[in-house]
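Let's have the full structure, built from the sequences with the hints guiding it.
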Amino acid sequence: MKRRGRFLLGLLAGCCFNLQANSLEPNNHGLELNESYPERYTVRKGDTLWDISAHFLKSPWLWPTLWQANRQIANPHLIYPGDVLRLIWVDGQPRLVKEESDKVVRLSPRVRTDSAVATIPLASMLNFVDSHSVMSPAVFEQASYILGDQQGREAMVKDSSVYVRGQLTPGTVYGVYRPGEMLTDRFSHAELGQKAALVGTLLAGKQRGHQVTEARVSSMKQEMRQGDKVLPLTMAGGIAAFHYPRPGPALDQGYVLAMGTEGSVTGRHGVVFINKGHADGIRAGDLYAVMKPGPGVYDVTPGSFGRLRYADSAGAYLRTSGRPEQLPEEAIARIMVFKVNSQTSAALVLDNSELVQTHYPLGHVRDVEFGS
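When the letters of the sequence shown are read in order and numbered with mature numbering (1 follows the signal peptide of the UniProt record, and there is no 0), they come out as residues -21 to -1, 1 to 351.
Source of the hints: derived by calculation from the structure; they are not laboratory data.
Treat the numbers as computed from the prediction; the structure is a model and nothing was measured.
Glycine included, every Cβ here is placed at the ideal spot set by N, Cα and C.
Among these hints, one or two may not hold up.
[To be verified] Subject to a maximum C-alpha distance of 27 angstroms in a straight line, what follows is the list of computed BS3-like cross-link-like pairs (lysine-lysine):
(1) K37 to K271
(2) K200 to K137
(3) K185 to K137
(4) K200 to K185
(5) K185 to K271
(6) K37 to K24
(7) K77 to K37
[Said to hold, decoys possible] The following label-pair restraints were derived from C-beta to C-beta distances:
(8) L57 to G150: 34 to 44 angstroms
(9) Y142 to L57: 17 to 27 angstroms
(10) H343 to H257: 42 to 52 angstroms
(11) R165 to R187: 38 to 48 angstroms
(12) K137 to R345: 26 to 36 angstroms
(13) G61 to G127: 53 to 63 angstroms
(14) G188 to P228: 22 to 32 angstroms
(15) A102 to P149: 28 to 38 angstroms
(16) G61 to R165: 40 to 50 angstroms
(17) R144 to E11: 23 to 33 angstroms
(18) G275 to S197: 48 to 58 angstroms
And the structure:
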């Protein structure tokens, strides 16, 4: 029987121990198991180590740390879709091991075609960084831009020659960006940066007059237009190949500033911008909870005709009579920061129970209690 309050001392994945579970009581070392953790779990395509650990641990970010503590295991990260993981107890300590099949099947050697499970979905972050960024408005104001082409087209064509206002270095590949939404802090009203989408690249050619450079459209992600900004590809920066998730520092008035792409909501493995960056002590790998604000409620008053009212459906009289009482907020997602700018950061939604929306506040990651 599962016991509430059991604690996890180590998780050993990608190993094949022939150990039997025993009934010794676990020691309390502060790493709490979920109340509804499974005895067995079959790894599915698309799982990450974060996803798997979230089935067992209330603090899934401790999974990679505990793996590194088990250096006697050769390459413990190599688990694959279809592997069955089993929770056992050894000397009072829970362990997660890869279950062996009872059947003996003789096969000739073959190359495994599926990929080992990753710690976090690095591909989602790379796809984002390859296409989106936040830049200073001053960068766009001073940037070169596409004037047009010889055919008089507003939209450019791949491999065609175009003309750019500005002096570019011949033989250098430049990014072509389309400025998007200006991100403004809802509390300080300060401009934090401007979203930008990478629409393609240009290969700079020779100068064709004062402040005019000929270039060739070398790649396109989406339609490239007159007026799109031309900047060095290094302006957008990169991301770390490895991340070590851990709870981030406390934030004052931190919230989801915008989605990484279009729209106002996102879910698992979506990207969001938050209104905090280097200036606030944010680091890549910092974890935060996304909190869903509670609805406002007007309690029974003489003006409410003896009925409770949610603020969204309250009449004009109640709206002008006072502020509604806010019901408690709840944690609905966990996000991990992976790219930090001066005043903003990009974060990945690792798991969620509801869709994440703009303006949702950030809280301590330990406040998340939803199951996986």
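Failing hints, ascending?
5, 9, 10, 12, 14, 17
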